[in-house]
Amino acid sequence: MEGYYHTPESVEEYTHLAKDVSGIKLIEQIEPYLKASTTVLELGSGPGTDYEIFSKKYDVTGSDYSLEFLKALHRKFPKGDFLHLDASSLITDGSYDLIYSNKVLHHLTDEQLVESFKSQKEILNSGGVVAHSFWKGQGSETFKGMFVNYHSQKELVNEYLNGFEIILMNEYQEFEPNDSIFIVAKKVG
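Position one of the sequence shown corresponds to residue 1 (this note's numbering), numbered consecutively onward.
What the hints contain is simulated information worked out from the structure, not anything from laboratory work.
Careful, some of the hints might be misleading.
Computed cross-link-like contacts, SDA-like style, restricted to lysine to any residue with a CA-CA straight-line distance of at most 25 Å [said to hold, decoys possible]:
1. K71 - D59
2. K56 - H74
3. K57 - P32
4. K19 - T7
5. K25 - F77
6. K25 - K57
7. K79 - E52
8. K187 - S95
9. K57 - L83
10. K186 - I27
11. K25 - G137
12. K136 - N170
13. K35 - M169
14. K25 - T7
15. K121 - S95
16. K71 - I91
17. K154 - F175
18. K103 - N162
19. K25 - E111
20. K57 - I123
21. K19 - K121
22. K136 - E155
23. K144 - D86
24. K186 - K71
25. K118 - Y150
26. K35 - T92
27. K121 - Q29
28. K187 - Q29
29. K121 - G94
30. K187 - Y58
31. K121 - F175
32. K56 - L83
33. K136 - T92
34. K25 - N170
35. K121 - N158
36. K57 - E31
37. K25 - E165
38. K25 - I167
39. K79 - S22
No experiment lies behind these values; they were computed from the predicted model shown.
My request is simple: use the sequences and hints to build the entire structure.
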């Protein structure tokens, strides 16, 4: 996960490119499962668009692996709560009702994604929920120095979401019809 997101220039470039991208439609799908007191951990807060949406209603903690993104987040949200986290190991003392990411976990290898879901289960409160979007497809590639791992719905359910009950799973369009998957699952046990 080194590379693109780790320079001030690339963070500025990405923030500009993503200025019109918002996870509001994804967040609206999760809201029926959330209470006003819900604690949220956002993985890969990036420019803070979804963090800002969550912060209007919930107790949200943002995170990123990129120190450059964290610097930018602290400037944009001086009172915000942000953690420097690796999305695969999630070493934190916190526990949460919801763990959310919008096109972040596709930067993990298959092995890292398995570890991430194990770690997420450990830091979720009883009955907690995960909600993540992925690029749909097969295989992986490196784009602008970023590793991108594609997934199918079947693969996500059968290989990664052990210990979770699927609440919602759908395909949606980010750029092309059905190029993305959104999955919401509840911690079991």
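Right, here's what the structure says about each hint:
A C-alpha spacing of about 20 Å is found between K71 and D59, which places the hinted pair at or below 25 Å, so the restraint holds. For the hint pairing K56 with H74, the CA-to-CA distance comes to about 17 Å; that is within 25 Å, so the pair holds. For a cut-off of 25 Å, the pair hint linking K57 to P32 stands: about 13 Å separates their Cα positions. For the given pair, K19 sits about 18 Å from T7 by alpha-carbon distance, which is consistent with the 25 Å threshold.
For the hint linking K25 to F77, the alpha-carbon distance of about 22 Å falls within 25 Å, and the restraint holds. Pair hint K25 plus K57 holds up; C-alpha atoms about 15 Å apart against a cutoff of 25 Å. Our distance criterion of 25 Å between C-alpha atoms is met by K79 and E52, whose separation comes to about 12 Å. Note on K187 and S95: the hinted pairing holds, with a Cα-Cα distance of about 13 Å set against a maximum of 25 Å.
With a C-alpha separation of about 20 Å, the suggested pair K57 and L83 falls inside the 25 Å cut-off, and the hint holds. This hinted pair checks out: K186 and I27 have alpha carbons roughly 16 Å apart, not beyond 25 Å. Between K25 and G137, the direct Cα distance comes to roughly 21 Å. Compliance with the 25 Å bound is thereby established for this hinted pair. Straight-line distance between C-alpha atoms of K136 and N170 comes to about 11 Å, which keeps the hinted pair within the 25 Å bound.
Under the criterion of a C-alpha separation no larger than 25 Å, the hint pairing K35 with M169 is consistent with the structure, at around 21 Å. Taking the CA atoms of K25 and T7, the gap is about 30 Å. The hint is violated against a cut of 25 Å. Between K121 and S95, the direct Cα distance comes to roughly 10 Å. Compliance with the 25 Å bound is thereby established for this hinted pair. Annotation: proposed proximity of K71 to I91 holds, straight-line Cα distance about 20 Å (limit 25 Å).
Of the pairs offered as hints, the one joining K154 and F175 holds, with about 22 Å between alpha carbons and a cut-off of 25 Å not exceeded. Distance hint between K103 and N162 is fulfilled; the C-alpha atoms sit about 20 Å from each other, no more than 25 Å. With a C-alpha separation of about 29 Å, the suggested pair K25 and E111 falls outside the 25 Å cut-off, and the hint is violated. A threshold of 25 Å between alpha carbons decides the hint, and for K57 with I123 the separation of about 21 Å falls inside it, so the pair holds.
A distance of roughly 31 Å separates the Cα atoms of K19 and K121; the hinted pair therefore is violated under the 25 Å criterion. Our distance criterion of 25 Å between C-alpha atoms is met by K136 and E155, whose separation comes to about 10 Å. Annotation: proposed proximity of K144 to D86 holds, straight-line Cα distance about 20 Å (limit 25 Å). Taken as a hint, the K186 and K71 pair is broken in the structure, with Cα atoms around 32 Å apart against an allowance of 25 Å.
At most 25 Å may separate the alpha-carbon atoms for a hinted pair to count; K118 and Y150 meet this at roughly 20 Å. The straight-line distance between the Cα atoms of K35 and T92 is roughly 23 Å, inside the 25 Å bound, and the hint therefore holds. For the hint linking K121 to Q29, the alpha-carbon distance of about 21 Å falls within 25 Å, and the restraint holds. Distance check on the hinted pair: K187 and Q29 sit about 18 Å apart at the alpha-carbon level, within 25 Å; holds.
Distance hint between K121 and G94 is fulfilled; the C-alpha atoms sit about 12 Å from each other, no more than 25 Å. For the given pair, K187 sits about 20 Å from Y58 by alpha-carbon distance, which is consistent with the 25 Å threshold. Note on K121 and F175: the hinted pairing is violated, with a Cα-Cα distance of about 31 Å set against a maximum of 25 Å. Restraint check: the Cα-Cα separation between K56 and L83 comes to about 19 Å, which is no more than 25 Å; the hinted pair holds.
Between K136 and T92 the CA atoms are separated by roughly 29 Å; this puts the pair beyond 25 Å, and the hint is violated. Under the criterion of a C-alpha separation no larger than 25 Å, the hint pairing K25 with N170 is consistent with the structure, at around 12 Å. The hinted pair formed by K121 and N158 meets the criterion: a straight-line CA distance of about 16 Å does not exceed 25 Å. Proposed proximity of K57 and E31 is supported: the alpha carbons are some 10 Å apart, at most 25 Å.
At roughly 22 Å between alpha-carbon atoms, K25 and E165 fall within 25 Å of each other, so this suggested pair holds. A distance of roughly 16 Å separates the Cα atoms of K25 and I167; the hinted pair therefore holds under the 25 Å criterion. With a C-alpha separation of about 21 Å, the suggested pair K79 and S22 falls inside the 25 Å cut-off, and the hint holds.
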